[in-house]
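S.K.: Letter by letter, the chains look like this.
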Amino acid sequence: MQMNHVPSVCCFCGCGCGFYFNVSDGRITGISPSRSHPVSRGNLCVKGWHAHEFVYSPNRLLHPLVRKNGRLVRASWDEALSRTAEALRKVLEREGGGAIGLLSSAKCTNEENYLLQKLARAVLKTNNVDHCARL
Amino acid sequence: MTNSIEEIAGSEVIFVIGSNTTEAHPQIARRIIRAVDKGATLIVADPRDTAMAEIADIHLKLNPGTDIPLLNAMMRVILREGLIDDAFIEMRTENFNALRDTLFAQDFDALVELTGISPELIKRAARLYASAQKATICYCLGITQHVCGTANVESIANLAMITGHVEQDYTGVNPLRGQNNVQGACDMGALPGVFPGYQAVSDEKVREKFARAWKTDLPEAPGLTVMDMTHQGVRNGIKAMFIMGENPVLSDPDSSAVEKNLSSLDFLAVADIFLTETAQLADVVFPAASFAEKTGTITNSERRVQLMQRAIEPLGECRADTEIIAALSNLMGYPMNYQEPAEIMEEIALLTPIYGGIYHDRLERSWGIQWPCPNREHPGTPYLHKYSFARGRGRFVPASHIPPKELPDGDYPFMLITGRTYHHYHTGGMTRASEILSREEKEAFVEINPQDAERIRVRNGQLVRLRSRRGEITVRARATKRVPEGILYTTFHFAESPVNRLTNPARDPVAKCPEYKVCAVAVEPADG
Numbered sequence: 002m003q004m005n006h007v008p009s010v011c012c013f014c015g016c017g018c019g020f021y022f023n024v025s026d027g028r029i030t031g032i033s034p035s036r037s038h039p040v041s042r043g044n045l046c047v048k049g050w051h052a053h054e055f056v057y058s059p060n061r062l063l064h065p066l067v068r069k070n071g072r073l074v075r076a077s078w079d080e081a082l083s084r085t086a087e088a089l090r091k092v093l094e095r096e097g098g099g100a101i102g103l104l105s106s107a108k109c110t111n112e113e114n115y116l117l118q119k120l121a122r123a124v125l126k127t128n129n130v131d132h133c134a135r136l
Numbered sequence: 012m013t014n015s016i017e018e019i020a021g022s023e024v025i026f027v028i029g030s031n032t033t034e035a036h037p038q039i040a041r042r043i044i045r046a047v048d049k050g051a052t053l054i055v056a057d058p059r060d061t062a063m064a065e066i067a068d069i070h071l072k073l074n075p076g077t078d079i080p081l082l083n084a085m086m087r088v089i090l091r092e093g094l095i096d097d098a099f100i101e102m103r104t105e106n107f108n109a110l111r112d113t114l115f116a117q118d119f120d121a122l123v124e125l126t127g128i129s130p131e132l133i134k135r136a137a138r139l140y141a142s143a144q145k146a147t148i149c150y151c152l153g154i155t156q157h158v159c160g161t162a163n164v165e166s167i168a169n170l171a172m173i174t175g176h177v178e179q180d181y182t183g184v185n186p187l188r189g190q191n192n193v194q195g196a197c198d199m200g201a202l203p204g205v206f207p208g209y210q211a212v213s214d215e216k217v218r219e220k221f222a223r224a225w226k227t228d229l230p231e232a233p234g235l236t237v238m239d240m241t242h243q244g245v246r247n248g249i250k251a252m253f254i255m256g257e258n259p260v261l262s263d264p265d266s267s268a269v270e271k272n273l274s275s276l277d278f279l280a281v282a283d284i285f286l287t288e289t290a291q292l293a294d295v296v297f298p299a300a301s302f303a304e305k306t307g308t309i310t311n312s313e314r315r316v317q318l319m320q321r322a323i324e325p326l327g328e329c330r331a332d333t334e335i336i337a338a339l340s341n342l343m344g345y346p347m348n349y350q351e352p353a354e355i356m357e358e359i360a361l362l363t364p365i366y367g368g369i370y371h372d373r374l375e376r377s378w379g380i381q382w383p384c385p386n387r388e389h390p391g392t393p394y395l396h397k398y399s400f401a402r403g404r405g406r407f408v409p410a411s412h413i414p415p416k417e418l419p420d421g422d423y424p425f426m427l428i429t430g431r432t433y434h435h436y437h438t439g440g441m442t443r444a445s446e447i448l449s450r451e452e453k454e455a456f457v458e459i460n461p462q463d464a465e466r467i468r469v470r471n472g473q474l475v476r477l478r479s480r481r482g483e484i485t486v487r488a489r490a491t492k493r494v495p496e497g498i499l500y501t502t503f504h505f506a507e508s509p510v511n512r513l514t515n516p517a518r519d520p521v522a523k524c525p526e527y528k529v530c531a532v533a534v535e536p537a538d539g
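Just so you know, the protein sequences line up as chains A and B, in that order. Residue numbering for the first sequence follows my numbering, starting at 2 and increasing by one per position. Residue numbering for the second sequence follows my numbering, starting at 12 and increasing by one per position.
Hints in this document: simulated from the structure, not taken from any laboratory. By construction, the Cβ of each residue, glycine as well, lies at the ideal position given by its N, Cα and C atoms.
Quick list of simulated restraints, FRET-style, between CB atoms:
#1 Ser274(B) - Gly97(A): 20 to 26 angstroms
#2 Gly97(A) - Pro520(B): 23 to 29 angstroms
#3 Arg95(A) - Ser274(B): 17 to 23 angstroms
#4 Gly344(B) - Ser77(A): 18 to 24 angstroms
#5 Gly97(A) - Lys492(B): 55 to 61 angstroms
#6 Val74(A) - Gly497(B): 47 to 53 angstroms
#7 Arg480(B) - Arg90(A): 40 to 46 angstroms
Let's have the full structure, built from the sequences with the hints guiding it.
M.R.: See below:
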């Protein structure tokens, strides 16, 4: 059995505690706070100690879904992506980018947020991009 | 935050307003408690007896939505007693006369009466805050989630600036950010008016810069804000939406309106780790990788950009959102070919001056860098505004009382406040999946004062129905003196009791932030 400690940052509030995932055989078994982290200093709140548990929730969505005859059914990545690209292209050509809206996320990474607003502005030609910060 | 989290522990006076710090920001509460242990003075303004209020030297138990009268009353005392910082005001700020005129035009007793606090307590708090060498203000959504949220924040800035309580370590104005990367999402330009690094879309030079870098033409028209899309999108001409990692059906106010609007779109795609209430309305749902399954950076409340490293392979067929976006973009004929997230960060650094020196290789060797960080040699910035404000001089923006949009009346006699609990987070998708967190708090509750409970014949633990002009929900009553009479408090984590069916979508005119913190409701036993 191989045990690894992978550095990460808590996914809950804006404090940004640093911790390590304890990973053994490709599975997260627990979390260890970082003693040297400037915010957490060896401490975590109850949410932080359990921050890995939802990862293995039986409710995780594990494959793409596409609506067919009114119902969401399992689909391939190719189908899900091409259906989305087609729908967006149709609206873009017919109505322009102003008819497309995008919501980004305060739970996603900087890289993801950067790419989403780039997709909005450079590809879909709209500034209709926002997230929950104002909520 | 203007300062670092650790600095709070070294402050002499800490003024917490509109923040239930122990439950929502435990690490910041830890610093506050440590400061108090070392002899610091704690002032807490909150309508409820929060844990923070219980250890406070002064608890300003204000009526909900009267933050401006409270702050103005404090500033009146500071002005009258000559406790202002003349040199700071002269050298670093502008428009002070307008603030002084507004304050003197307001009657102190009338301000105090609006807040419901004793004038002596307000005077004591004002003197303590103003005379400290190192004083810091921590505020949270209790300040911003009002129709006057912007004016509330400006009033806090006024208070900090007339006393010169900025530009130093241990001393500043600290909005506590609620989500792990709400700071970063703003920094990255996931906002209708700005590109990454708060560079304005309306500025032609900025648009040209990004157009050159991205090798395409860019739209000039201002974009819509979140509720203009989630509530009135269809009315505003929106036909298709892509939602990444948000659940507006539960999280936005007047949520029935959101459900109706999103259902009437021609096309909706959602990327999420769960099949959320919002995803259930979609035409296409992408399974996203969770934070443990991908590499990327997030930026905390003190502007610290930190690297999260992939710990495990993505579950099932899940993919990181960067891969989903890039794949879509490629299909639409705009190539996005990044080998890894580090390459995206390089592009961010090139185009975003405040992130100019932030690269993954630097973050791999540290616990993050605080922006502004203009170049690779720069160590980062622990506190802001050292010699000047971002706009040059700090501008005083005077404010007067703006009451909540919806106040209690005969039909809806209670004021409802919403907030977080210690064990849960937002719409509950993540924390409720944990057995232990779920065990601690299984279902929604509403706090009600025992006097009120007795009057309307509700026992502790009984199910009650809460009704507002927009909808109704059922929750379990918790009789407690933590809330004053006439006020109810409930949480928003539980899909079975979706409190945002009740909340008021009335918004602040500038920030467009809805008034989650106050709405009028009626309450009655659910079984009678």
